[in-house]
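Trainee: Sequence:
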Amino acid sequence: MSRPSSPPKPCISPNIEPTPRSNRALIYEFMPKWSLDKFIYNQGTNNQSRQLEWKTLYDIALGITRGLEYLHQGCNTRILHFDIKPHNVLLDENFCPKIFDFGLSKFGLSKFDVYSYEMMVFEMVGGRKNIDVEVSQTSEIYFPSWIYKHLDQSMNLNLNEEITREEEEITRKLITMSLWCIQTNPLDRLSMTRVIEMLQGSLQSLELPPRPT
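Going by UniProt numbering, the residue at position 202 of the sequence shown is 202; the numbering climbs one at a time, nothing skipped.
A hint or two may mislead.
To be verified - With a cut-off of at most 20 Å between alpha-carbon atoms, the simulated EDC-like pairs for lysine to aspartate or glutamate come out as follows:
id: 1; residue 1: Lys38; residue 2: Glu53
id: 2; residue 1: Lys33; residue 2: Glu168
id: 3; residue 1: Lys111; residue 2: Asp92
Said to hold, decoys possible - Pair by pair, the computed Cβ-Cβ distance ranges are:
id: 4; residue 1: Ser191; residue 2: Asp83; range: 17 to 23 Å
id: 5; residue 1: Ser205; residue 2: Asn76; range: 29 to 35 Å
id: 6; residue 1: Leu206; residue 2: Asn185; range: 15 to 21 Å
id: 7; residue 1: Leu109; residue 2: Gln200; range: 23 to 29 Å
id: 8; residue 1: Gln153; residue 2: Tyr28; range: 44 to 50 Å
id: 9; residue 1: Pro210; residue 2: Trp34; range: 35 to 41 Å
id: 10; residue 1: Phe82; residue 2: Glu161; range: 18 to 24 Å
id: 11; residue 1: Asp83; residue 2: Leu187; range: 20 to 26 Å
id: 12; residue 1: Asn76; residue 2: Ser191; range: 17 to 23 Å
id: 13; residue 1: Glu197; residue 2: Pro32; range: 27 to 33 Å
Don't read these hints as lab results, they were simulated from the structure. Every residue gets a Cβ at the ideal spot worked out from N, C-alpha and C, and that includes glycine.
Using the sequences and the hints given, assemble the complete structure.
Mentor: In structure tokens, the structure reads:
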């Protein structure tokens, strides 16, 4: 089996090309934790405990951001994934994320991936789908609008669990950054480089964007 032609890129699932040439195939790195969706949905609600700690969720979000930044700015030609979702993020034994399934990847503008990524982060924070008709109140059906109201009015985030001050700061940072990236006008959305800066910066420096529609 031949070695990869180049070192693995940050948070991009590498592949190896086996020999002989007549039996070519793509073999992906084994990810023992499987995909992200197995750890985030239906958690933190109905008295169920969250499977991943907030710091782990933060590290996963940051790792995915770095992978997308490489695709958007680190390649000779900009590449879009076009299908960023929890099912396409694999996790190794240390919960390091790897972006998977480039079947829909194309060349083009990066703001589509930015939007999809941040909608995924909302689901990581909320432990639910962004649109959920089974919630107890109609105001909670669209999670981004519901959580925006809580931030805008300095309300308790009410994620059905007790969190520390540090965890709440992580949560508010993830939400604020995500709200900037789902703006209706693609030009108002952040680049992945700016997302990294916001995630690694202080919460006090972040401003709340216009309400999502």
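Trainee: Look at each hint and say if it fits the structure.
Mentor: Here is what the structure says about each hint:
1. Lys38 to Glu53: Since the Cα atoms of Lys38 and Glu53 sit roughly 14 Å apart, the hinted pair holds (cutoff 20 Å).
2. Lys33 to Glu168: 26 Å, violated
3. Lys111 to Asp92: Status violated; Cα separation ~27 Å.
4. Ser191 to Asp83: 17 to 23 Å: 19 Å, holds
5. Ser205 to Asn76: 29 to 35 Å: Check passed, 33 Å falls within 29 to 35 Å.
6. Leu206 to Asn185: 15 to 21 Å: Given range 15 to 21 Å: holds, Cβ gap about 19 Å.
7. Leu109 to Gln200: 23 to 29 Å: 25 Å, holds
8. Gln153 to Tyr28: 44 to 50 Å: 45 Å, holds
9. Pro210 to Trp34: 35 to 41 Å: For Pro210 and Trp34 the Cβ distance comes to about 37 Å; the hint holds.
10. Phe82 to Glu161: 18 to 24 Å: Given range 18 to 24 Å: violated, Cβ gap about 33 Å.
11. Asp83 to Leu187: 20 to 26 Å: 23 Å, holds
12. Asn76 to Ser191: 17 to 23 Å: About 18 Å separates the Cβ atoms of Asn76 and Ser191, which means 17 to 23 Å holds.
13. Glu197 to Pro32: 27 to 33 Å: Hint holds: Cβ distance 32 Å, inside 27 to 33 Å.
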